[in-house]
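*Asks:* Use these hints to put chain B onto chain A, whose structure you have.
Chain order of the listed sequences is A and B.
229 is the number that our numbering gives to position 229 of the first sequence; each next residue is one higher, with no gaps.
74 is the number that our numbering gives to position 74 of the second sequence; each next residue is one higher, with no gaps.
If you are wondering where the hints come from, they were derived from the structure by calculation, not from laboratory data.
Be a bit skeptical, because a hint or two may be false.
To be verified - Here are some chain B residues pointing at chain A (derived, C-beta under 10 Å):
1. T6
2. P7
3. V14
4. F16
5. G23
6. A24
7. G25
8. P33
9. L47
10. L55
11. V64
12. I65
13. Y69
To be verified - With a straight-line Cα cutoff of 25 Å, these simulated DMTMM-like cross-link-like pairs (lysine to aspartate or glutamate) come out:
14. K226(A) to D34(B)
15. K503(A) to E244(A)
16. K9(B) to D274(A)
Claimed, not checked - Some chain A residues judged to face chain B by a derived CB distance under 10 Å, without partners named:
17. G78
18. F84
19. P89
20. V126
21. L130
22. F247
23. A249
24. A280
25. L289
Using N, Cα and C, we set each Cβ at its ideal position, and we do this for glycine too.
The chain contents come next:
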Amino acid sequence: MSDPGGLGQTPYVILGLYLGLLLIFGVLGYRRRQSESEEDYYLAGRSQGWVVSSLTIMATFFSSFALLGAPGMVYRDGVVFALFSLNVPVAGVAIYLLGARIRRIGQDRGYLTPADMIADHYGSPVGLRLLVALVGLLYAVPYVVIQIQAGGILSQQLFPGTNAFEIGAGLLAAITMVYVTIGGMRSVAWTDVVQGGLLVAGMLLAGIAAVAVLGGPGPFFEAVAKLPPKSLSAPGTTGRWTPELLFTASLFASLGSMIQPAQWMRFYAARSDDVLRRSALIFAAVLTLCFFFGVMLVGLGGQVLYPLLDAVGEYRTTATGSILPHPSVGSTPGDFDQILVVVLKNHLPELLGPAGVILATLILVAIMAAAMSTADSNLHALSALITHDVYDQFIRPEASQQQRTWVGRGLIVAVTVLALLLVIIARRSDSNPLGMIVILGLLAIAFSTQLLPMTVDMLYLRRGTRQGAIAGLIAGLMTIFLLSPFWSMIAGAAFGGVLGSMKKMIDIGAWGLLFNTGLFVAISWCQRRNQDPSAVQGARSQVES
Amino acid sequence: MCSIVTPMKILLIVLFLAAILLGAGPGIHLVNPDVTDPAASYTTFGLPTIYVWGLMWYAVQFGVILVAYFRFWKPSDE
Chain A
1 MSDPGGLGQT PYVILGLYLG LLLIFGVLGY RRRQSESEED YYLAGRSQGW
51 VVSSLTIMAT FFSSFALLGA PGMVYRDGVV FALFSLNVPV AGVAIYLLGA
101 RIRRIGQDRG YLTPADMIAD HYGSPVGLRL LVALVGLLYA VPYVVIQIQA
151 GGILSQQLFP GTNAFEIGAG LLAAITMVYV TIGGMRSVAW TDVVQGGLLV
201 AGMLLAGIAA VAVLGGPGPF FEAVAKLPPK SLSAPGTTGR WTPELLFTAS
251 LFASLGSMIQ PAQWMRFYAA RSDDVLRRSA LIFAAVLTLC FFFGVMLVGL
301 GGQVLYPLLD AVGEYRTTAT GSILPHPSVG STPGDFDQIL VVVLKNHLPE
351 LLGPAGVILA TLILVAIMAA AMSTADSNLH ALSALITHDV YDQFIRPEAS
401 QQQRTWVGRG LIVAVTVLAL LLVIIARRSD SNPLGMIVIL GLLAIAFSTQ
451 LLPMTVDMLY LRRGTRQGAI AGLIAGLMTI FLLSPFWSMI AGAAFGGVLG
501 SMKKMIDIGA WGLLFNTGLF VAISWCQRRN QDPSAVQGAR SQVES
Chain B
1 MCSIVTPMKI LLIVLFLAAI LLGAGPGIHL VNPDVTDPAA SYTTFGLPTI
51 YVWGLMWYAV QFGVILVAYF RFWKPSDE
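With the rest of the complex left out, here is chain A:
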């Protein structure tokens, strides 16, 4: 065996133990199943207590975005991105204010997916159900892809060698697929407990490690204070993070992440409102601290250890002007995400000896945990969306519960293989279209955020109509598509000037939300004003608070 990234054989042992534990949970989840029903496979019989619920919600929220993407973005753009941490308390509040109501209605009516509730409320069993399922797919697919990609990035740093990226990505995908397929929600939630604990510890330890590498808090912040002015101010090194963009990204990223299908199903799976009440508090307290005092400090320390400016004080850039990381970190704009792994691998063993090796390995396993815990939740949710919202409703409504769960398992295998292929093909292309983790993650969240107007209306206002909901959702999705990199791939520079200016002003999810809400409110108002009976009858009042 080769020496993994200079850390000896320790990573092999700890990683092996961790992956073995996950497989045991997969088997236990299967053996503890109460029935071969969709409700048991997808919602673990709606019986989760507060410890499991809070950790599975945290672990689903935390992805490679948190452990690789966030420090990578601070490393690139500087301290301004640390303020993105303020999205976490907003998500915490949403767990209670949205989640508790979603849970209660879901339990009363036996809902399994977000589309169940939305289609039923607005009386649209085909159109809205398919649209909501599509939104779920647009969120879950990129999220699965970026977690698998993170496994490859980690492996590449940890186990240098031929095909290290492909082996790491493949291993993460295969183990995750196995335990999700066999154990369903029960296995996913139990593994999330282990992974949630690991990643909370990993994030905090990473921050402590970064500070220790520079000699403690005093020397750390003295060195940070000497960073280039752009690293200590908004909009940051690349000029991307204007306060307005940061505000809309923070606000809607948190809400979009909390109403994405995997979290929505976790609300259904909670045993009571009190479970979600406690989860909200733990989430807001623990996770924000992990960001502020953990991974964000790694990005800042990274700028000190691996400066972005070259010997003559100029930023290293590509031919097209994109800023590049220090050559020891990487050679492409997508390599900023590697800063945490590089800092740990290159400095901790030197600083702490054998203890540093173990610490560095634990944090690296935490990155794996962050990626796997999000990949498993999204794979599981994807399976539910396709099986329950499409197969059960339109393809084979007469299928038995057992057949449905087996179709769901088959889908998990198929989606994992496809996502892995996509990651590997993208990696081998000259311009990796999957790019940086944060950019792809924010795009997925932007799609999911489009469910927000309907969710708020359904749970609190109950004034919207079916036609308003459908038109608003389509408008929101179209707006995001136009502002995403996909449009420029298809249409080249068409409307490039206008779209480019829009993207710089506020987050693309917020633009989608503006058009979505505007159309939703306008159409619903017109229909109610004209007393259109079909519209008013379509939207049912189900929430009794």
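*Replies:* Same frame as chain A, but now just chain B:
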């Protein structure tokens, strides 16, 4: 869940929204150093000013959540 609107609830909502708007939003302009000014100061209490700004607004957000948790969020179904 308690749905009656009280002055205390309104205060908490306003404080929470202000914390997002000021902490991670346009409020940053109030403390953002001007990179074109050679005399600009980038730190407060030895830490980057923007980082201190974020920590302060986090304290406000968490304070609001704590009050809401103990006073308004009730375990209604148990």
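*Asks:* Evaluate each hint against the coordinates.
*Replies:* Verification of the hints:
1. Taking 10 Å as the C-beta contact cut-off toward chain A, the hint placing T6(B) at the interface is violated, the least distance being around 16 Å.
2. Proximity of P7(B) to chain A is violated relative to the hint, the smallest CB-CB distance being about 19 Å (cut-off 10 Å).
3. For V14(B), the interface hint is violated, since its Cβ never comes within 10 Å of a Cβ in chain A; the closest pair sits about 14 Å apart.
4. The interface hint given for F16(B) holds, since its Cβ lies 7 Å from the closest Cβ of chain A, which is under the 10 Å cut-off.
5. Here the hint on G23(B) is kept, as its CB sits about 5 Å from the closest CB of chain A, short of 10 Å.
6. The closest approach between the C-beta of A24(B) and any C-beta of chain A is roughly 4 Å, which is under the 10 Å cut-off, so the hint is satisfied.
7. Given the 10 Å rule on beta carbons, the hint for G25(B) holds: about 3 Å separates it from the nearest Cβ of chain A.
8. Below 10 Å, beta-carbon pairs count as interface contacts, and P33(B) has one with chain A at about 5 Å; its hint therefore holds.
9. With a cut of 10 Å, the hint placing L47(B) at the interface with chain A holds, because the nearest CB-to-CB distance is about 6 Å.
10. Hint on L55(B) holds. Least Cβ distance to chain A is approximately 6 Å, under the 10 Å limit.
11. Interface hint status for V64(B): upheld, as the beta-carbon distance to the closest one in chain A is roughly 8 Å, under 10 Å.
12. Taking 10 Å as the C-beta cut-off, the interface hint given for I65(B) holds, the closest approach to chain A being about 5 Å.
13. Evaluation of the Y69(B) hint against chain A yields a held restraint, the C-beta minimum of about 5 Å falling below 10 Å.
14. With a CA separation close to 16 Å, the supplied pair K226(A) and D34(B) stays within the 25 Å bound.
15. As the CA atoms of K503(A) and E244(A) are separated by approximately 11 Å, the hinted pair is consistent with the 25 Å bound.
16. Of the pairs offered as hints, the one joining K9(B) and D274(A) holds, with about 20 Å between alpha carbons and a cut-off of 25 Å not exceeded.
17. Because the beta carbon of G78(A) sits about 8 Å from the nearest beta carbon in chain B, less than 10 Å, this interface hint is met.
18. With a least beta-carbon distance of about 7 Å to chain B, the hint placing F84(A) at the interface is held under the 10 Å criterion.
19. Interface restraint check: P89(A) against chain B, minimum CB-CB distance 4 Å, threshold 10 Å, status holds.
20. Below 10 Å, beta-carbon pairs count as interface contacts, and V126(A) has none with chain B, the closest being about 32 Å; its hint is therefore violated.
21. At a threshold of 10 Å, the smallest CB-CB gap from L130(A) to chain B is about 31 Å, leaving the interface hint violated.
22. Checking F247(A) against chain B by beta carbon gives a least distance of about 3 Å; that is within 10 Å, so the hint holds.
23. Annotation: A249(A) was flagged as interfacial toward chain B, and the flag holds, the nearest CB pair being 9 Å apart, inside 10 Å.
24. Nearest Cβ of chain B to the Cβ of A280(A): about 7 Å, under the 10 Å cut. The hint holds.
25. Satisfaction of the interface hint for L289(A) is found here, the shortest Cβ-Cβ separation to chain B being roughly 8 Å, below the 10 Å cut-off.
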